[in-house]
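*Asks:* Protein chains in written order, with numbering that gives the first Met the number 0: chain A, 0 to 192; chain B, 0 to 486.
Rather than coming from a laboratory, the hints here were simulated on the basis of the structure. There may be inaccurate statements among the hints.
[To be verified] Straight-line Cα separation of at most 20 Å, EDC-like style, residue types lysine to aspartate or glutamate; simulated pairs: (1) A:59 with B:416; (2) B:303 with B:234; (3) A:59 with A:14; (4) B:191 with B:201; (5) B:191 with B:134; (6) B:231 with A:122; (7) B:191 with B:234; (8) B:124 with B:201; (9) A:59 with B:417; (10) B:191 with B:128; (11) B:303 with A:122; (12) A:44 with A:154.
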Amino acid sequence: MVLIRPQASFVALSEAHFSALHVFVRLALWLGMMPPLCAYVGMTKHGWQLGTVEPLMLPKVTIGVICALYFFALLFGFISAAIIGRWMAGTYGATRDLGAHFALLVVVGAPLVLGSLMHLYPDVFLNLLVLVPCLIWSMFLLYRGLPIVLQTTPEQGMLMASSMIGYLFVAFVSLLGISVCLWVYGIGPRLGV
Amino acid sequence: MAAIKWPAAPTTYEDDVVLAFTIAAVLWSLIGMAAGVYAAAELVWPALNLDFAPLTFGRLRTVHTNAVLFGFAVSALMGTSFYTVQRTCHIRIFAPNLAWTVFFAWQLIVIAGAVSLFMGANAGKEYAELEWPIDIAITVVWVIYGVVFFGTIAIRRIEQIYISNWFFGAFILVVAMLHIVNSLAIPVSAFKSYSLYAGAQDAIVQWWYGHNAVGFLLTGGFLGMMYYFLPKQSERPIWSYRLSVLSFWAFAYSYIWAGPHHLHFSAIPEWVQTLAMVMSLILLAPSWATMINGIMTVSTARQKLREDPGLKLIVLSLAFYGLAMFEGPMMAIRSVNIISHFTEWTIGHVHSGALGWNALITFGCFYFMVPRLVGQPLWSVRLANIHFWLALAGVMLYVLSMWGAGITQGVLWLSLDELGQVRYGFNEILAALQPYYLLRLLGGSAFFVGAILMSINLFMTISGQRTVTVAPPTTSMRSPAPAAGTP
Numbered sequence: 000m001v002l003i004r005p006q007a008s009f010v011a012l013s014e015a016h017f018s019a020l021h022v023f024v025r026l027a028l029w030l031g032m033m034p035p036l037c038a039y040v041g042m043t044k045h046g047w048q049l050g051t052v053e054p055l056m057l058p059k060v061t062i063g064v065i066c067a068l069y070f071f072a073l074l075f076g077f078i079s080a081a082i083i084g085r086w087m088a089g090t091y092g093a094t095r096d097l098g099a100h101f102a103l104l105v106v107v108g109a110p111l112v113l114g115s116l117m118h119l120y121p122d123v124f125l126n127l128l129v130l131v132p133c134l135i136w137s138m139f140l141l142y143r144g145l146p147i148v149l150q151t152t153p154e155q156g157m158l159m160a161s162s163m164i165g166y167l168f169v170a171f172v173s174l175l176g177i178s179v180c181l182w183v184y185g186i187g188p189r190l191g192v
Numbered sequence: 000m001a002a003i004k005w006p007a008a009p010t011t012y013e014d015d016v017v018l019a020f021t022i023a024a025v026l027w028s029l030i031g032m033a034a035g036v037y038a039a040a041e042l043v044w045p046a047l048n049l050d051f052a053p054l055t056f057g058r059l060r061t062v063h064t065n066a067v068l069f070g071f072a073v074s075a076l077m078g079t080s081f082y083t084v085q086r087t088c089h090i091r092i093f094a095p096n097l098a099w100t101v102f103f104a105w106q107l108i109v110i111a112g113a114v115s116l117f118m119g120a121n122a123g124k125e126y127a128e129l130e131w132p133i134d135i136a137i138t139v140v141w142v143i144y145g146v147v148f149f150g151t152i153a154i155r156r157i158e159q160i161y162i163s164n165w166f167f168g169a170f171i172l173v174v175a176m177l178h179i180v181n182s183l184a185i186p187v188s189a190f191k192s193y194s195l196y197a198g199a200q201d202a203i204v205q206w207w208y209g210h211n212a213v214g215f216l217l218t219g220g221f222l223g224m225m226y227y228f229l230p231k232q233s234e235r236p237i238w239s240y241r242l243s244v245l246s247f248w249a250f251a252y253s254y255i256w257a258g259p260h261h262l263h264f265s266a267i268p269e270w271v272q273t274l275a276m277v278m279s280l281i282l283l284a285p286s287w288a289t290m291i292n293g294i295m296t297v298s299t300a301r302q303k304l305r306e307d308p309g310l311k312l313i314v315l316s317l318a319f320y321g322l323a324m325f326e327g328p329m330m331a332i333r334s335v336n337i338i339s340h341f342t343e344w345t346i347g348h349v350h351s352g353a354l355g356w357n358a359l360i361t362f363g364c365f366y367f368m369v370p371r372l373v374g375q376p377l378w379s380v381r382l383a384n385i386h387f388w389l390a391l392a393g394v395m396l397y398v399l400s401m402w403g404a405g406i407t408q409g410v411l412w413l414s415l416d417e418l419g420q421v422r423y424g425f426n427e428i429l430a431a432l433q434p435y436y437l438l439r440l441l442g443g444s445a446f447f448v449g450a451i452l453m454s455i456n457l458f459m460t461i462s463g464q465r466t467v468t469v470a471p472p473t474t475s476m477r478s479p480a481p482a483a484g485t486p
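Next up, chain A with everything else stripped away, as it sits in the complex:
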């Protein structure tokens, strides 16, 4: 419903009231498990395909640690984005109801969760090819849905969505940096560093 008729879903979301705990336990937690689970299955079965002939095969324990960290990073990203959004809401005249912020992020993140099915075959390029359109879709949902779900004007919503994108960019690039640091310190592929 959310993916097919986003506008109607946003209106329905704005009219309903969800508790933050309800959204987190019933939806976010389970959706957040999907990307690491798919990554675990894909990496143990096919290895990490970086476009070369030979895939990078890692021990199952290492893959488990990487996927667990991936899960916690996603949860941290989700919760921190909601809290940051709630903080921004004061500036942009939006609702400060944490449940609404959680619900919005679930909807916005849905295309990315769907795209993460591609982790079942962890070829980096194919994943990028699928996840980039999903990301653009997510951004479209954020710009479209934020003013409706968080009950602010379209112009204020546009500003707030741009600020949220700034934060999410930073969160994503932090994830990239943290991953690289972990590899350098021995968790991940065997590198000559």
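Given the structure of chain A, go ahead and fit chain B onto it with the hints provided.
*Replies:* Same frame as chain A, now just chain B:
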């Protein structure tokens, strides 16, 4: 203290030269981006160089960087700085003839630079490839530019020097210093010279120049642009003028040390690398202070956002500014740099700044400034909105593809097999990158198409019009300066 002698009431602003710089900047953006897109296509289909030396990647890539950096960015900065300094000093520009000299001479320099690079003349220093005769010409023109800009400040009719002018002033002074010191060389012929410095010293001087060209030209200069056009466009004073002054000094102090982070794990002393890394991390504070100041300034301008497509581009540029200014310090951390250095991740980082920040804020300012310069509404708001979405999609595709390529490259280069040998060969890694290069080409092309739409839009707005004559306010100069943040 001697009383200040205020100049006589001025006539009108000199805006013809501003319009000329704007048109030149738009043309250079098209030329520079076309060269960039073609160079990106060559990485996917190498045969596109047609075995013709000027079209080979090595030459075309430098033409691309020089055209966008010196043609597009500097022309845009010169034009907007002349526009800003007149309006924040309430005076016609000092020596308009010199301003026109700067315009024509600078365009000749960029053309001469492009031709010399196509011919293969190259000093071998990144962003400072031009050979010594052109370097001398740059120095002369830059000094004239400084005379015009600071001359206008000197004859200003408002006591306060507005924050934009501090940023523009730092840009002019520091770029002059960087260019002169880094370009010192011993000529051996009309088109060949060798750096005055040797070995590690040469590398340190080069990256002191290279990084601060990014710092004071692509950051400082454009912050000058932002601090004038954002409050004007949103019709709001700067959220915190005090924060803008504080971040200016913190920015100027901390940026200048960060250059050697380009030389991690090289032959330069380790303490120099560590110092650069630490100062890069400190740099995050003033950078984000500026971003927050910008976002908070525009946060209540909802009505303007509805009417002004340029404001959307500026708001988005602030998000990319925040990203680039976070990513840069992060990549300066040695544990990250060991993977990211020399990979496409760096190219992605540069373009999140160059496309996402510099180009978008310039486009946003042009959408604001050009209709006012010619006294006509923008030809098509719809086209400007299409440009916004094309630019966003283009820069996203570009940056994400380069992140993917960079991580792939870094991991593959450093991967070891069971015997501790390098696992993958260079050719194999290069072949693995080709799909990312195709994605990058798509992203760059989308951004380029957006720039073409903007050019059409601006040229249709300008077409058949003359520059509007605007007179500075004639209020008494002995009255108090305007409230902080209201240029």
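*Asks:* Give a verdict on every hint.
*Replies:* Evaluation of the provided hints:
1. A:59 with B:416: Between residue 59 of chain A and residue 416 of chain B the Cα gap is close to 18 Å, so the pair holds against 20 Å.
2. B:303 with B:234: Holds - the C-alpha atoms of residue 234 of chain B and residue 303 of chain B are around 8 Å apart, at most 20 Å.
3. A:59 with A:14: Between residue 59 of chain A and residue 14 of chain A the Cα gap is close to 46 Å, so the pair fails against 20 Å, i.e. violated.
4. B:191 with B:201: holds, 17 Å
5. B:191 with B:134: holds, 12 Å
6. B:231 with A:122: violated, 48 Å
7. B:191 with B:234: violated, 51 Å
8. B:124 with B:201: holds, 10 Å
9. A:59 with B:417: holds, 17 Å
10. B:191 with B:128: With Cα atoms ~11 Å apart, residue 191 of chain B and residue 128 of chain B stay inside 20 Å; holds.
11. B:303 with A:122: Cα-Cα ~45 Å, so violated.
12. A:44 with A:154: It is violated: about 47 Å lies between the C-alpha atoms, which goes past 20 Å.
In this structure, the hints that do not hold are numbers 3, 6, 7, 11 and 12, in rising order.
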